[in-house]
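Asks: Please build the complete structure, drawing on both the sequences and the hints.
Now for the letters of each chain:
2 protein chains.
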Amino acid sequence: MTLRIVEIFGPTIQGEGVLIGEPTVFIRAGGCDYRCSWCDSLHAVDSAFRHSWLPMEPEAVWQQARDLSGGQPLTISISGGNPAIQDFAPVIALGRAEGYRFACETQGSIAKPWFADLDTLVLSPKPPSSGETVDWAAFADCVQAGQGVRQTVMKIVIFDDADYAWAKDAHARHPDLPLYLQPGNPEVDPDLPVDPQALADRLLWLTEKTMADAWFAPRILPQLHVLIWGNKRGV
Amino acid sequence: MTLRIVEIFGPTIQGEGVLIGEPTVFIRAGGCDYRCSWCDSLHAVDSAFRHSWLPMEPEAVWQQARDLSGGQPLTISISGGNPAIQDFAPVIALGRAEGYRFACETQGSIAKPWFADLDTLVLSPKPPSSGETVDWAAFADCVQAGQGVRQTVMKIVIFDDADYAWAKDAHARHPDLPLYLQPGNPEVDPDLPVDPQALADRLLWLTEKTMADAWFAPRILPQLHVLIWGNKRGV
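Going down the list, the sequences are from chains A and B.
Residue numbers for the first sequence follow our numbering, beginning at 53 and rising by one.
Residue numbers for the second sequence follow our numbering, beginning at 53 and rising by one.
Here are the computed distance ranges between Cβ atoms for each label pair: (1) P238(A) / A266(B): 33 to 41 Å; (2) D228(B) / P227(A): 27 to 35 Å; (3) D228(B) / A141(A): 27 to 35 Å; (4) P107(B) / A264(A): 26 to 34 Å; (5) D119(B) / P125(A): 45 to 53 Å; (6) L94(B) / A250(A): 25 to 33 Å; (7) L106(B) / P238(A): 42 to 50 Å.
What the hints contain is simulated information worked out from the structure, not anything from laboratory work.
Yeah, the Cβ is synthetic: ideal placement off N, Cα and C, and Gly gets one too.
Replies: The structure is reproduced here in structure tokens:
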């Protein structure tokens, strides 16, 4: 069974969320059931780019990730697009047999049995600014599929006040999932530089808003990869 | 028994280490057995500032931290200076009784029984660039005192290649402690602005160095509070 792969890169640090700072090799899967207005990975989402996605056997995917890490076990993050439209069970099985840990980031629209084989499942439901609508029954199926995973967390990108209010409702639906908020990045053109001060300002805005509201449930984190590399790909 | 307190502030997000992004009220203790060359909290270390440290009863310390959080349980971080030269057991007992969580950050030079009452113990041994020398027997006593704590971690600030090499040795001494590396911040004057690009550059330097070395044990994180507030105090 062939996988559609956009890129395999690393090791580098995970830039966001619960594993922030963690040395990671990334496997980016091609294809997505969403089309968020502010998507920062359109090259993995828009089927106009599908000619650039590589058809790869699971063994080849695993071999490339392994080679990048020099055979030294670390965390492998499967992202996309939405990786849950494909079957990553064989890749995970090959890696786990050699002591690697696996994380997966998905919006939580499609549940897959292989979620149970992960170490970390990041469910990232999309707020109103995305233009998408969350199917909360499907999301709950994803949480259920991740039972037994060492950690399942919720991560929400916040662009504006409406997203913030929505995040509180989302947290109320799944209060047991550790919650991570992340200020949205409106600058997603890989050819344009990112202003670190603007990134700092957005983090300040979200921090002050959340603290003023006395909402202490979420952790608030920026995207470190954007801070250090801008929107460049493959880093 | 009176405590010497520099400042109690928050809630704001924890800017660094294992609890990065976590809403936190900070209690900064006055006094330190170290005098690191690059100390970013000299106002809590140098006894020339001791006239500005408030003598407070544990009940008053707790009341102020509680008031800042509006009585809503969150994480309270006890830092310094070195908080382990004082007895925070009564403050922790008062807070835990109301559901608050406690973290403490210390260099690991003095072990205290109250470490066992924490949720998170951050031991931060100082590398050569600090000008200090670590007493590893005392450090091991601190790890021992923290047995039963939910998480004990090691955090090391890295200014240069010598610090980096030293961090590998430190990790080899305590391989079971999750390790966090943090690029050093040479700009510690609270009256001077911090350049976010310089901070990004230092994070890039440390990330590239560690990845090129294929050392995947540590997580690598910046100081978010410096990114968003510079070296301003009380935020």
